[in-house]
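Throw the hints in and build the complete structure from the sequences for me.
Those protein sequences? They're chains A and B, same order as listed. Residues in the first sequence are numbered consecutively from 1, following this note's numbering. Residues in the second sequence are numbered consecutively from 1, following this note's numbering.
Just so you know, these hints were derived from the structure itself, not from any lab. Only a predicted model underlies this, so the values are computations on that prediction, with no experimental measurement involved. Just so you know, nobody snuck in bad clues.
Which chain A residues face chain B? A few, computed with CB under 7 Å, are given here:
#: 1; residue: Gly43
#: 2; residue: Leu44
#: 3; residue: Lys100
#: 4; residue: Val101
#: 5; residue: Phe103
#: 6; residue: Thr105
#: 7; residue: Gly106
Distance ranges between label pairs, derived from CB positions:
#: 8; chain 1: A; residue 1: Pro30; chain 2: B; residue 2: Thr30; range: 17 to 27 Å
#: 9; chain 1: A; residue 1: Met83; chain 2: B; residue 2: Ser81; range: 37 to 47 Å
#: 10; chain 1: A; residue 1: Ala53; chain 2: B; residue 2: Pro85; range: 43 to 53 Å
#: 11; chain 1: B; residue 1: Asn82; chain 2: A; residue 2: Asn41; range: 18 to 28 Å
#: 12; chain 1: A; residue 1: Ala54; chain 2: B; residue 2: Thr17; range: 46 to 56 Å
Far from chain B, by Cβ distances over 12 Å, these chain A residues were calculated:
#: 13; residue: Val13
#: 14; residue: Ser14
#: 15; residue: Asn24
#: 16; residue: Ser28
#: 17; residue: Lys58
#: 18; residue: Phe63
#: 19; residue: Glu66
#: 20; residue: Ser70
#: 21; residue: His75
#: 22; residue: Ser80
Yeah, the Cβ is synthetic: ideal placement off N, Cα and C, and Gly gets one too.
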Amino acid sequence: AQSVTQLGSHVSVSEGALVLLRCNYSSSVPPYLFWYVQYPNQGLQLLLKYTSAATLVKGINGFEAEFKKSETSFHLTKPSAHMSDAAEYFCAVSAGGYQKVTFGTGTKLQVIP
Amino acid sequence: SAVISQKPSRDICQRGTSLTIQCQVDSQVTMMFWYRQQPGQSLTLIATANQGSEATYESGFVIDKFPISRPNLTFSTLTVSNLSPEDSSIYLCSVEDRREPIGYTFGSGTRLTVV
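Next comes the structure, spelled out in structure tokens:
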């Protein structure tokens, strides 16, 4: 069984400020973890993924996430928010090997000029 | 990564009718997944489609309502049958890309509105 909890359905940050989106997971097997971004009226785009290699994962658009097994967390960060980062972000978990992906409820990021 | 073409991108349908959504992938994939995203909500897996076998449905989803075809390794269809306003959602297909281990690619989605 696997699940993902995203803390905060809405997060607002000022342009240039740190972005921190929180994700905690539960998995009965070593997990594969993902962050996806969804812009309005668009599909999902993969930001980054953890696949049991390095615990600090760098993704596109300056985002990164750190896998912390002891905390069962995979929080997404970006040092400096840009207006174009405004979107909805989904954390997800999978057992890999063609297994399904389970998504969190999403966090809408608002960037204030 | 794999490139997915999903059609139609949006549709408005009358209640009681059906809509068939197509998903074409530019490479052969073992599994294809169909998700539903209801307004303002996250993605929920409907079913997993493996070529040459019956699709596997998640709890709460049944084949009569969501029949799926998977005729080959690059194509799948999802039909949403006997439409009601509650079926108004975005439907997305997804594949696990063999060229990118542990990478799931999503189609751009089909936005369905039932009136």
